[in-house]
Amino acid sequence: MTLPSAPTVTAGSEHFAHDADVGVRGWGATPSQAFEQAAEALTRVVTEAKVAERDRIDVRCEAPDIELLFVEWLNAIIYEMAVRNMLFSRFSVRIEGTRLEGTLWGEPVDVERHAPACEPKGATYTALKVLKKPDGVWSAACIVDV
Amino acid sequence: MDLTRLAQVDSTTWRIEPHGAMRVPVIIYADESLIRDIDDKVYEQASNVAALPGIVRASYAMPDAHWGYGFPIGGVAAFDPNEGGVVSAGGVGFDISCGVRTMLTGLPVANVLAEQRPLADELFRAIPAGVGSKGSISLDAAQMDAMLAGGARWAVEQGWGETRDLQRIEEEGAMAGALPEHVSKRAKERQRREMGTLGSGNHYLEVQGITEIYDAAAAEAFGLKQDEAVVTIHCGSRGLGHQIGTEFLKEMVVSAEAAGIELPDRELACAPINSEVGQRYLGAIRAGINCALANREILGHYARRVFRHSFPACDLELLYDVSHNTCKVEPHSANGTPRGLFVYRKGATRAFGPGHPSLPEALRSIGQPVLIGGSMGTSSYILAGTASSEEKAFSSACHGAGRAMSRHAALKRWSGRMILDELRAQGILIRSPSNRGVAEEAPGAYKDVGAVVAAAEHAGLARRVARLRPLICIKG
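Protein chains in written order, with the numbering used here: chain A, 151 to 296; chain B, 214 to 689.
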C-alpha cells in the first residue's frame, strides 16, 4: 500500500521499515481517522488473520500535544491487548484538545487461528509524526517496539 | 555509514569528534565491512547521546550497533551524577534488563540429538512462548512486590530455581535499590500473569552444541566442553518492563523541558540523576531488573525440569546470567579518579575483566562470561571480559548479531515455512506458534555474528571462548 493521491481514497494504513522493529502509519480525513487507521496497522503487526468485533473496550488518554497523544493511544491499545489477552479489529476515536476517548472492538487471542507473529512492547517517539499533508489528508505514524 | 564522516583510529576503532551540542566524542568499534553496513541513524543517535548532560569520556557503539530509540542499540554511555548526569528512560528502553543465560547440560550433543524431536516438543509445551501463551503463575499484590524486590532470589525462595544459581547471576540475583512502590499499578497488572513466559520477537530458548573452543583455559573454567550441549535463554522483564519504559518516557519528556534540558530527540527523554523523578525512575527500573532476573530463573527452572525428565541424571548448571538493557552504578575512572558512574548498556553486555570483585570465585581469574545470542540458524558465542574492556567502553561488549534487515524486508524475502524447512535440513528444529514470526526472525535478516564477535575481540572488548550452534530453538 502507498499513501493515497486520489481524493476519493481518504483513509488507510501501512507498515514501514525500521532496523529492528516496525513502523505503523494511518491516514484519513481527520486526526481521529488517522489514529483509528494506525491502530489497525498495529493489529496487523501481530496478525494478518481476521479478528472478530465481539467485545467492546473503552479507553481514555491524555498528552500535552497531538503527537504524544498518538503514542498514548497506541500504548493504551497495547496495554489492553496485554492484560486482556485480546486483539482488536475496529477502532473509534474522539479527540478533544489534549484528551482522547477511544473504543476498541475485538476478541480474545486464539493462538491457532490468529498465529500471532509478535507482541508489541510499546509505541515509541521514533519516526513520530502527526501532520496534515498539503492535500488535506491527516497522517499519524511512529515506530512500535516489538 | 559514510566513512568520510569518521576518523579511523585503528582497524576496529572509529571516532566522531565533538561538534554542535556534543560534549564528548563518539567511538564506534567495528571493522570496515561492519561499519559500512551500520545505518547512518547510528551516527545520529550516538552523537545525540554525546550531547546529554553529565556524559563521561565518550558515547560508544558496539560492533552490532543498529538504529534504536534515542540510544542506538549497541550503545554504551556513562553519566556522572555530580556533573549533572542524567537517567534516561529511552536509554534503557522498553525491555528493561533483557538478557541471556546459558546453562550447562553436561550431555554429549549425540545424546541430545537422539532425543531431539521429543525434547523440542517437550520444551515447547513447558515454555510459554509468544502472544496468547499462558503462564501458570499468577501473582497477587504482595507477591508482586516481593518479586520486584527479590528478583531471582525470590524465584528460588518460591521453589522456581536453585540457590546455587544465585552466585552465577549479576547482582547475585537481586538488584539492590529496587522500589516496587514506584512501579505503577498498570505495570504490575500487565505482569500479573506473565512470570515464566518467554515473550516474542527475538526472544528464544535454544539447545545448542559447543562446536569450537577458542580459549581452552577459559572454557575449562566455564565448564564448556567440545561437543557438549548447553541451554541458552534470551528474554527480559516482559510487560512490566515495557510499561515502566512507556510511562517514564512520557513523564521525562515533560520533566526534561521543565528542567531546562534540551532534548536532541524526544526518545532521549531524561531527568537529572539527582532529581525526584530520576530517583523514582531508578527505583522502578531496578524493580524491572529484578523482574527480568526472576523471569529467567523461572524459565531456567522449567528447562531444568524438562531435561531431568528426558535425561534423569542431568541437572542443568547455570554458567551465567547477564543483562544487556540496563543502567547500573559502577566504579569507573573519570578524569583519572574512580567514581560511581551510571553506565547505560542498551543492547550491550557488561564485560568485567579478570579479577573483578563482583565475579564469583570460580570465574574471577578468567573474567565475566559474555553471552552473545545468535539468530536461530547461526552460531552463538561465549566470550570472556578482558582487562582492556574497562578503558575501551566501561567494561562492555556487543550483545548479538544485530539486525541487518527490517522485519518488513525479511517478510518480503522469506516465508516461515521455507525457513523452518531449511533449518530442519541443517539439523535445527524450530518450535514457534507463528510461521510469520519465524520469517521475521530469519537468520538472513541478521548481521554475521562471527564478524561481530571477531571485531569485539580485535577491539579488546572481550575475547572469544567458545562457539555454539543451535540444535533446538523455541521461538516466541
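Please note: incorrect hints may appear among the correct ones.
[To be verified] Capping the alpha-carbon separation at 30 Å, the derived lysine-lysine pairs in DSS-like fashion look like this: (1) A:K283 to B:K541; (2) A:K283 to B:K347; (3) B:K398 to B:K438; (4) B:K347 to A:K200; (5) A:K200 to B:K541; (6) B:K254 to B:K625; (7) B:K398 to A:K282; (8) B:K398 to A:K283; (9) B:K347 to A:K279; (10) B:K541 to B:K398.
[Stated by the list, open to error] The following label-pair restraints were derived from C-beta to C-beta distances: (11) A:R249 to B:P567: 52 to 58 Å; (12) A:D260 to B:Q639: 41 to 47 Å; (13) A:D205 to B:P544: 39 to 45 Å; (14) B:A354 to A:R210: 48 to 54 Å; (15) A:E262 to B:D440: 25 to 31 Å; (16) A:P258 to B:P551: 40 to 46 Å; (17) B:P321 to A:E203: 25 to 31 Å; (18) B:E604 to A:D208: 28 to 34 Å; (19) B:Q356 to A:P258: 46 to 52 Å; (20) A:D260 to B:E394: 36 to 42 Å; (21) B:E604 to A:D260: 49 to 55 Å.
To be clear, the hints were calculated from the coordinates, so they are not data collected in a lab. Being a predicted model, the structure only gives us computed values, none of them experimental. Think of the CB as a built atom: it goes at the ideal place given N, C-alpha and C, for glycine as much as any other residue.
Here is how each hint holds up against the structure:
1. Taking the CA atoms of A:K283 and B:K541, the gap is near 44 Å; set against the 30 Å cutoff, the hint is violated.
2. This hinted pair does not check out: A:K283 and B:K347 have alpha carbons roughly 43 Å apart, beyond 30 Å.
3. Between the alpha carbons of B:K398 and B:K438 the distance comes to roughly 46 Å, so the proposed pair goes past 30 Å and is violated.
4. Distance hint between B:K347 and A:K200 is fulfilled; the C-alpha atoms sit about 22 Å from each other, no more than 30 Å.
5. Taking the CA atoms of A:K200 and B:K541, the gap is near 44 Å; set against the 30 Å cutoff, the hint is violated.
6. Between B:K254 and B:K625, the direct Cα distance comes to roughly 23 Å. Compliance with the 30 Å bound is thereby established for this hinted pair.
7. With a C-alpha separation of about 36 Å, the suggested pair B:K398 and A:K282 falls outside the 30 Å cut-off, and the hint is violated.
8. Restraint check for B:K398 and A:K283: not satisfied, since their Cα atoms lie roughly 39 Å apart, outside the 30 Å limit.
9. Taking the CA atoms of B:K347 and A:K279, the gap is near 35 Å; set against the 30 Å cutoff, the hint is violated.
10. Taken as a hint, the B:K541 and B:K398 pair is honoured in the structure, with Cα atoms around 24 Å apart against an allowance of 30 Å.
11. The given range of 52 to 58 Å is respected by A:R249 and B:P567, whose C-beta atoms sit roughly 57 Å from each other.
12. Between A:D260 and B:Q639 the C-beta distance comes to about 32 Å, which lies outside the given range of 41 to 47 Å.
13. The beta-carbon spacing between A:D205 and B:P544, approximately 53 Å, falls outside the hinted interval of 39 to 45 Å.
14. Separation of B:A354 from A:R210 is about 24 Å and departs from the stated range, judged on CB atoms against 48 to 54 Å.
15. Under the hint 25 to 31 Å, the C-beta atoms of A:E262 and B:D440, about 38 Å apart, miss the expected range.
16. For the pair A:P258 and B:P551, the supplied restraint of 40 to 46 Å is violated, since their beta-carbon distance comes to about 54 Å.
17. Under the hint 25 to 31 Å, the C-beta atoms of B:P321 and A:E203, about 54 Å apart, miss the expected range.
18. Separation of B:E604 from A:D208 is about 55 Å and departs from the stated range, judged on CB atoms against 28 to 34 Å.
19. Remark: the range hint 46 to 52 Å for B:Q356 to A:P258 is contradicted by a beta-carbon distance near 25 Å.
20. The given range of 36 to 42 Å is respected by A:D260 and B:E394, whose C-beta atoms sit roughly 37 Å from each other.
21. A beta carbon spacing of about 54 Å between B:E604 and A:D260 agrees with the range 49 to 55 Å that was offered as a hint.
The structure fails hints 1, 2, 3, 5, 7, 8, 9, 12, 13, 14, 15, 16, 17, 18, 19 (numbered hints given earlier, in ascending order).
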